[in-house]
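Please construct the entire structure, taking both the sequences and the accompanying hints into account.
Residue numbering for the sequence shown follows my numbering, beginning at 1 and increasing consecutively.
Read the hints as simulated data drawn from the structure, not as lab findings.
A portion of the hints provided could be inaccurate.
[Said to hold, decoys possible] Derived Cβ-Cβ restraints for the label pairs, each shown as a range:
(1) 4 / 153: 40 to 48 angstroms
(2) 4 / 54: 40 to 48 angstroms
(3) 202 / 240: 44 to 52 angstroms
(4) 139 / 70: 54 to 62 angstroms
(5) 23 / 131: 39 to 47 angstroms
(6) 144 / 249: 41 to 49 angstroms
(7) 133 / 80: 34 to 42 angstroms
(8) 201 / 233: 45 to 53 angstroms
(9) 75 / 19: 22 to 30 angstroms
(10) 240 / 129: 44 to 52 angstroms
(11) 29 / 171: 15 to 23 angstroms
(12) 30 / 133: 17 to 25 angstroms
(13) 103 / 76: 12 to 20 angstroms
All C-beta atoms in this analysis are idealised placements derived from N, C-alpha and C, irrespective of residue type, glycine included.
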Amino acid sequence: MSNEVLRCENLGIVFGGLAAVDGFNVVIKEKEVAGLIGPNGAGKTTVFNLLTKVYEPTSGKIFLNGNDTQGETTVSLSKAGIARTFQNIRLFNNLTVAENVMVAMNQSMKYNLFESTFRLPRFWKEEKEARKKALELLSIFDMQDLADVQASSLPYGAQRRLEITRALATNPSLLLLDEPAAGMNPAETAELMENIGKIRDQFGIAILLIEHDMSLVMGVCDQITVLNFGQVIAHGTPAEIQSNPVVIEAYLGKKKEEE
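In structure tokens, the structure reads:
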């Protein structure tokens, strides 16, 4: 369908004869928030690495906005509309908050190396526009007043928000969030839930998130896919997943039979 942002068909990858992901299927539409959950080692981050071509799939296909991504690279997929955050925060700690966001806009800058080296008028015009956009994006998380603060001096939760803001600066159609609530306190997590909805509505993008905080997953996701040992064991709405006995067993273990 025309409003499909991501479609995975029988996606899989084998490492040394072991299937890390096998037969992964998902469809995510515009303005849809999807969750990818499962026990540690289930293959969730591997799926993200497949979607962003850190790994090349052994089998299956990935379609982004209806286009087959076979042969694409991490860089070309970023330009095509996939943005990602990571489990471990990856900021440019020696740059300011605003500069971290502006770095993500480099691929859309129109000035050339000569104009950049000699600081010609078009360079300054583009930089001014980029800073303005960076401040607008930072305002989503109420971080515009921190624009000139060094990124390394931010508290953990603010660094997480900055990483998401930087991802948004690439104008994605699909945003991949890898454990965005990791290290956040309950108040920060509640704020993140609100902001994920705001991002979806304001930017009209699809979001796929990996998260262990079930209150966040159940609170923001329209659909949830559950992985275990690289395979999908359940897919459905939050209510369906919460009551699924296969999912409960995967997380809690099978109850011992009474003697």
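Structure-based check of each hint:
1. 4 / 153: 40 to 48 angstroms: Roughly 41 angstroms apart at Cβ, these two residues keep to the hinted range, so it holds.
2. 4 / 54: 40 to 48 angstroms: 23 angstroms, violated
3. 202 / 240: 44 to 52 angstroms: 28 angstroms, violated
4. 139 / 70: 54 to 62 angstroms: The hint (54 to 62 angstroms, Cβ to Cβ) is violated, given that residue 139 and residue 70 are roughly 38 angstroms apart.
5. 23 / 131: 39 to 47 angstroms: The hint (39 to 47 angstroms, Cβ to Cβ) holds, given that residue 23 and residue 131 are roughly 46 angstroms apart.
6. 144 / 249: 41 to 49 angstroms: 46 angstroms, holds
7. 133 / 80: 34 to 42 angstroms: Check failed, 20 angstroms falls outside 34 to 42 angstroms.
8. 201 / 233: 45 to 53 angstroms: Between residue 201 and residue 233, where Cβ atoms are some 31 angstroms apart, the hint is violated.
9. 75 / 19: 22 to 30 angstroms: 28 angstroms, holds
10. 240 / 129: 44 to 52 angstroms: Hint holds: Cβ distance 46 angstroms, inside 44 to 52 angstroms.
11. 29 / 171: 15 to 23 angstroms: 18 angstroms, holds
12. 30 / 133: 17 to 25 angstroms: 22 angstroms, holds
13. 103 / 76: 12 to 20 angstroms: At roughly 18 angstroms between Cβ atoms, residue 76 and residue 103 fall inside 12 to 20 angstroms, so the hint holds.
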